[in-house]
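Peer 1: Going down the list, the protein sequences come from chains G and B.
Heads up: the first sequence is residues 1 to 390, going by the numbering used here.
Heads up: the second sequence is residues 1001 to 1390, going by the numbering used here.
Please keep in mind that the hints were generated in silico from the structure rather than gathered at the bench.
Take the hints with a grain of salt, since some may be wrong.
Not the full set, but computed from the structure, chain B residues with beta-carbon under 10 Å of chain G [said to hold, decoys possible]:
hint: 1; residue: Gly1015
hint: 2; residue: Phe1017
hint: 3; residue: Thr1058
hint: 4; residue: Arg1070
hint: 5; residue: Glu1083
hint: 6; residue: Ser1087
hint: 7; residue: Glu1135
hint: 8; residue: Leu1136
hint: 9; residue: Ala1243
hint: 10; residue: Gly1245
hint: 11; residue: Gly1355
Footprint (simulated), chain G over chain B, 3 or more residues, beta carbon under 8 Å [what the hints assert, rightly or not]:
hint: 12; segment: 1049 to 1057
hint: 13; segment: 1274 to 1286
hint: 14; segment: 1315 to 1322
If you're wondering where the values come from, they're calculated on a predicted model, not measured in any experiment.
For each residue, glycine too, the CB sits at the ideal point set by N, CA and C.
Each chain, letter by letter, is given below.
2 protein chains.
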Amino acid sequence: MRDVAVLGVGMTKFGKFMDRSLKDLSREACWQAIKDAGVNPKHIQTGYVANAIGGVITGQTMVTGEVVLREVGIVGIPVVNCENACSSGSTALREAWMAIAAGFYDTAIVLGVEKEYAQNTQKTVEAIAGAGDVELELSVGVNFPAHWALRAAKRMEVYGTTREQLAKVSVKNHHNGCFNPRAQYHKECSLEQVLSSRMVATPMTQLQCSAIGDGAAAVILCAADKARQYTTKPILIAGVGMATGVYTDERPITFGDMEQRSGQVVYDIAGIGPEDVDFAEVHDCFTIAEFMRVEGLGLFKPGEYDYALDHGESEIGGRLPINPSGGLLAKGHPIAATGVAQICELVWQLRGQAGDRQVEGARVGLAHCSGGGIAGDGAVSVVSILKKGY
Amino acid sequence: MRDVAVLGVGMTKFGKFMDRSLKDLSREACWQAIKDAGVNPKHIQTGYVANAIGGVITGQTMVTGEVVLREVGIVGIPVVNCENACSSGSTALREAWMAIAAGFYDTAIVLGVEKEYAQNTQKTVEAIAGAGDVELELSVGVNFPAHWALRAAKRMEVYGTTREQLAKVSVKNHHNGCFNPRAQYHKECSLEQVLSSRMVATPMTQLQCSAIGDGAAAVILCAADKARQYTTKPILIAGVGMATGVYTDERPITFGDMEQRSGQVVYDIAGIGPEDVDFAEVHDCFTIAEFMRVEGLGLFKPGEYDYALDHGESEIGGRLPINPSGGLLAKGHPIAATGVAQICELVWQLRGQAGDRQVEGARVGLAHCSGGGIAGDGAVSVVSILKKGY
């Protein structure tokens, strides 16, 4: 297996863009990444494109990758459209990384793009519900807020986690988002504001739930041995790991076992353990989710994230910053764009280009996305580790 | 790169099954493949699942692979949902082949599943239209029958191809389908019946257009060096090639240049040329398409398929049988299932298990699917070559 480098990254601002199409968002993210990489788009050998609900929202049910890459002048090459709910972008990255690592290609573009805002928001609600088992879950009303509210209630019972500690994730991530020009929300939220926002599913208030959004993110990958012609300071993909749910009743719902299993895959591939990680972007679709992710991944011990939040350990400047980009809660969460946007953030941080949200001295970053939910378990988890190269 | 073997294949009957779900169809195809392979499903290390329009038709917008494989007891392992319009199943096969060839996994299940029949057929029509560029094509009315009708008219002008010659593809494929117990249609169609069926888009009559259908197909792949424990007569994947459209006006619309480019990729990988192919399953979504595919792939010379049809060269028993399974026209075309079903047919033929439609002495088979259409060109083409192993 060859090492794979990230040559360039690009990302639109995330937000509500009623007048922007999948093509339009993709074009901006791809061109940013192409310019950042300094690569001639004609030299890109393959494309992996992630989109989750474009079929329902825009009517573009199929070949989204071919349609949007054509707008950038990328034609003729193999293109694979990947989907794995909120892990769609991460899955596309993994497939491209595997293809280059194995020597099938030297260069690839990975794009995640999503339109969630629609004239008819009922469409969006229904489309998102399709990340569960539509025959099983929808018939009994276990939607995503309900699922996470149940896990939060259980954690409060088992570990004594407080509503305030849950809310602190939102305060932290909204604070970080204020320093990210591409974030959907630039607004400090006080603990009181988070707790007093509308109750969605007890104890999850509105400011503890990620919102819908539109956006795109793209990265250019290159075999590391070919990357030297473009850069002397590449960022390397140390590995990508994936696992899916096991859906057993024995699984404790206060622990992210799928995160643990996917994390173990990438730690083994990378030869890098959780103790080596300098910062992480994890899938904070709800505040409670951040607890499950960081503890499942071994970045914090089970039950200890409460203490960490109380003591600022996961803030920028803390022992192990979590979601310096603002995370899903503040940066936004256009489904398939999220996993690729996390890679953009890792690259900016590792290059020292993250401006006022820079994690000082960062050499190893971790990105994590979980997607979907089946039978009370997550459907899929993808974890990537990036590091400074050469 | 390691050789990859197909250990087992499974396929539902294709047809109109209003009471069968994605789960139900998947379960049948997967269990057939698992039993055929003699593999414990717990030993399958990864899954690649193709579905194209389930989001619109069934509401299962995301994580279809995880949802349906759980029904077979396959959980925990990496699962990637792939889409590439009519090449979705072929794309899933390619990704799995790459992952095993590269050594990431030893075993994989590849599944293609589709539900096209819906209570509201307007939904199906809209979903299928999403295989084009929805902003560009749909606004000007170039749907798929119109696209292929234009190409047929041009071929008639350039090569003097007759309406009768076009129709002969349908006569041949419907005849072949009569010997395939899993085909959607078991009905001989005379030349007169084909020509006098309802006109859809001149010169394409209804019996020259593939119909919608429901169905699933699955295959189990295994690293060839590990396959010996399961079988002494494996079928090997000699290679898979993919290309996407280039969408230029210079492209002659009477020639399948995308098929040519994807074919060249696989011929180079496999070290097998079109002259070595004993039979082929190609994407006969319309009768005219079969001409474009076989000539683009170099199986017949440009313009010569008219003569070949007149002289029975592509019939079972002819020089180079095309679509012995009945093809899309008779076997049916549940979008994402088609590419995997072609692999099933290749395996049955190469094993000598194809019953009354057996191609005698077949040692090398080729499968081709093209998907989608953008700016008057196909969006993507995937070609696989399988051969008898050891």
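Peer 1: The structure should be examined with respect to each hint, and the outcome stated for every one.
Peer 2: Hint-by-hint comparison with the structure:
1. Gly1015: Status violated, d = 21 Å.
2. Phe1017: violated (15 Å)
3. Thr1058: Hint on B/Thr1058: holds, closest Cβ of chain G at ~7 Å, below 10 Å.
4. Arg1070: holds (6 Å)
5. Glu1083: holds (4 Å)
6. Ser1087: The hint holds - B/Ser1087 has a Cβ within 10 Å of chain G, the shortest such distance being about 9 Å.
7. Glu1135: Holds: closest Cβ of chain G sits about 7 Å from B/Glu1135, inside 10 Å.
8. Leu1136: holds (8 Å)
9. Ala1243: With Cβ-Cβ at 6 Å, under 10 Å, it holds.
10. Gly1245: holds (6 Å)
11. Gly1355: violated (34 Å)
12. 1049 to 1057: Holds: 4 residues of the segment 1049 to 1057 of chain B have a Cβ under 8 Å from chain G.
13. 1274 to 1286: violated (count 0)
14. 1315 to 1322: Violated: only 0 residues of the segment 1315 to 1322 of chain B have a Cβ under 8 Å from chain G.
Hints 1, 2, 11, 13, 14 from the list above are not met by this structure, while the remaining hints are.
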